[in-house]
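Each chain, written out:
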Amino acid sequence: MSAPHGTNLAFRLNSISQAIAATAGLAGVVVLISWVLRLPGLNRIHPALGTMGSHTALCFALASTGLFLLRAEHTKSWKRRVAQALASLVIVISVLTLGQWYAWGFGIDQFLQGGIGHIFPGRMPVATALVFLAFGLALLLLDVEVRRWRPAEFLSFTAALIGLLALIAYGYSFISVFEISNRRPLAFHAVLLLIAFSFGILTARPQRGLMSVVTSHRIGGMMMRRMLPAAVGIPVLMGWLIMEGQRGGLYPSVLSLSYYTLSIIVIFSTVTWLTAASLQRIDIQRQKAQQQVRRLNAELEQRVVERTAQLESANRELEAFSYSVSHDLRAPLRAIDGFSSMLLQDHRQELGPKGEDHLQRVCAAVRRMGQLIDDLLSLSRVTRNEMRPETVDLSAMTNEIVADLRRAEPDRLIHVCIEANLRADADPNLIRIVLENLLGNAWKFTRKTPQPRIEVGVSRHDGRRAFFVRDNGAGFDMAYASKLFGAFQRLHGPADFEGTGIGLATVQRIIHRHGGRVWAEGSVGQGATFYFAI
Amino acid sequence: MTKGPILLVEDNPDDQKLTIRALKKNHITNDIVIAEDGVQALDYLFGTGEFAGRDSRQRPALVLLDLKLPKIDGLEVLARLRADERTKMVPVVILTSSKEEQDLIKGYELGANSYVQKPVNFLEFVEAAGRLGVYWLMLNEPPPA
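Keeping their order, the protein sequence lines are chains A and B.
For the first sequence, position 396 (counting from the first letter as 1) is numbered 396 according to my numbering, and the numbering increases by one without interruption.
For the second sequence, position 83 (counting from the first letter as 1) is numbered 83 according to my numbering, and the numbering increases by one without interruption.
Bear in mind the hints are in silico, worked out from the structure with no lab data behind them.
Ideal Cβ placement from N, Cα and C applies to all residues, glycine included.
Treat the hints with care, as some may be off.
What the hints assert, rightly or not - Sample of chain B residues with no beta-carbon within 12 Å of chain A, all distances over it, derived:
1) 82
2) 88
3) 89
As the list claims (entries may be wrong) - If you want the footprint, here are the derived chain B segments under chain A, 3+ residues with CB under 8 Å:
4) 9 to 16
5) 122 to 133
Can you make the complete structure from the sequences, with help from the hints?
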């Protein structure tokens, strides 16, 4: 959505902060040079707007450098230390200056140049000293945050308010308010720089503390960005207009405050009204969106319920189907086999050798059909039963299965090598079917191999653990690898190796149920390796 | 040898014939009563319906029970037979095509004494029938009458 907006804005604000630091720093250095080289004119814009003192210039240079060094939040430690040293220097200068004004004389104002008469051009006005004290502390505490409250922000606000007061006074009367109270005027350009610098400190960390509200892409941020400029700008502008009106004699001076108050009431009511209206619009949209989400959720839930019911019914039908296959398909087979056998037993003479051979073939086909039905049922059972995964010791299971195979065919000498401690999270019954099939295949297809060998272990494929069963038997042509796992797919004729072609389909179905993958490598006469990763 | 007839509950005439032949091949000479559905089986056992008047105290030596039957299925027959005083101790062997887990579990739950899947291969079937006969009619001591 508009998440990048907040980040973009933050990035722009941070750039502004850097620009302010650079400008204030440059201005400070230029003024400082003019004082040191005694080049009048560079330290003021217009005689009426005052002169920036040398210490003020020095403090601007120091504080700006500090702010510039601290522009990134995760700044290098040496930069941070230098910036902190500069900030401390600013604090020392402002504290000593305040001391000079009110109590002790350390002669801070004689630093850089001597006094001329009773005017000490170096000495900062009290207000400036206070502002720089705030700046120094703010820079020191720039990244301190206590429960989302940042002292640097409050210090900057204070400095900005002092600056704003001076600026408003300049704007309304072309005099420095502080001239009256503190014997030294604030230069106009110094005031502008002070306000800008406060802004620079605030915008240095646009996504922290109170500033995070300003840059937020949420509704609070939007309102803040709309209201805050109005809150600052409108009273200043109105004050100036009302004063001009009074100066121009449009109304008696006693009424100007009333006009001012009234105009502020009108304008702020309007702004508040407009903002409230747009908030209302947004809220209505949000509510609509919420309702839509709720409706979609309800629809989705309804759909899930329907789909589940469909699936359950499909499952029940499937179950009924296998049940019926199991019961009904076998009975006719049994009759064919039974009566064929009876014929063979009771009427051998009449049948003759040819007839006997035909009947033998009928019986063989029936048995094969019976085997197919059994295998098909076990394949469907694989997907119907509930899975109960646990940690299975594949090595031990392999040993048991191999022992069974050896018992069934005691005269076959096969070298079997099983890696120890093969463990997997799987349903023990299902994974046993997998191993039985793979080992049974390896057992079967090494029948014609002179020195049969079966290996069971684990290897890495694409960063995943894959168990494997490898044999040096008949193997297969990789061109048909994709057909290996299809039901009733066989790569060997029944004359070479018996089988129904269900085993690997069952293996694949079980591995898929575990969310895993099964594949094979091999070549004709060189043996085969079956991998499964679960 | 335990006297009394064998009650063969089987709807498929082929299977009836095959079973009878398999039993004969194994020299089991007990009478064989055939019930073609669940209703007939229960009528025979309790002397009702078409078997009205039969002395129901004459219990069969063995019941060979198919599961998939018209009208009343095998499991229901088993349940009713076990619920009745007269027949609750009769040896019942389920002899059926399926070895579906659900059938096995329900069969044993309802008190079947054995569960045998009819092999497709007739020679195996003959062998199985022989073993059943030897065990239930010769080796096994029947419940006291």
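Do the hints match the structure? See the list:
1. The claim that residue 82 of chain B lies off the interface holds: its Cβ sits roughly 22 Å from the closest Cβ of chain A, which is beyond the 12 Å cut-off.
2. For residue 88 of chain B, the shortest C-beta to C-beta distance to chain A comes to about 27 Å, beyond the 12 Å cut-off, and the non-interface label holds.
3. Non-interface status of residue 89 of chain B relative to chain A is upheld: no Cβ of that chain comes within 12 Å, the nearest being about 28 Å off.
4. Restraint check on the stretch 9 to 16 of chain B versus chain A: 3 residues with Cβ-Cβ distances below 8 Å, three needed, restraint holds.
5. For the stretch 122 to 133 of chain B, the proposed coverage by chain A is satisfied: 3 residues have a C-beta within less than 8 Å of a C-beta in that chain, meeting the threshold of three.
This entry satisfies every hint, going by the numbered hints stated previously.
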